[in-house]
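A.B. asks: Sequence:
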Amino acid sequence: MVFLIKGINRHIIEITDTDSAYYERALLVIKPEYASAERELLEKEARKVLKDLGAPSSIKRRSRVFYWLVRLGAAAVLGAAVTALLLLL
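Heads up: the sequence shown at position 68 corresponds to 80 in this note's numbering, and the numbers run straight through without jumps.
No wet-lab data here; the hints were simulated from the structure.
Please note that a few of the clues may not be correct.
Stated by the list, open to error - Each pair of labels, with its calculated beta carbon distance range:
#1 Leu-81 x Val-61: 28 to 34 Å
#2 Tyr-35 x Leu-84: 30 to 36 Å
#3 Glu-55 x Thr-95: 55 to 61 Å
#4 Leu-40 x Leu-90: 34 to 40 Å
#5 Tyr-35 x Val-77: 57 to 63 Å
#6 Ala-33 x Glu-57: 20 to 26 Å
#7 Trp-80 x Leu-40: 30 to 36 Å
#8 Gly-66 x Val-41: 18 to 24 Å
#9 Thr-95 x Glu-26: 57 to 63 Å
#10 Tyr-79 x Glu-57: 27 to 33 Å
#11 Glu-55 x Val-82: 36 to 42 Å
Stated by the list, open to error - Cut-off 25 Å, straight-line C-alpha distance, at most; resulting in silico cross-link-like pairs (DSS-like, lysine-lysine):
#12 Lys-63 x Lys-43
#13 Lys-43 x Lys-60
#14 Lys-56 x Lys-43
This structure is a prediction, so every number in the text was calculated from the model and none was measured.
Here a beta-carbon is modelled for each residue, glycine too, at the ideal position from N, C-alpha and C.
Put together the whole structure using the sequences plus the hints.
C.D. replies: Okay, structure coming up:
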């Protein structure tokens, strides 16, 4: 659900249904020059921003560390296997 909130100095879009596992709701402040834009266009852009936002950075960082640990572990195992093969020959 999207709400357009008009303040004294700001226009804000509140998105309560974010379709995200990480975010319950989002508040986006509209630039003053776009405050008179069509509501549907603003809602579409707000949803696009939320879709592109993705996971919080700590979750991304954690998965990136896991990826590198797996990659380095695989390289170590491969290197040990090649070394063992060369020593046995």
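A.B. asks: Identify every previously stated hint that the structure contradicts and give their numbers, smallest first.
C.D. replies: 4, 5
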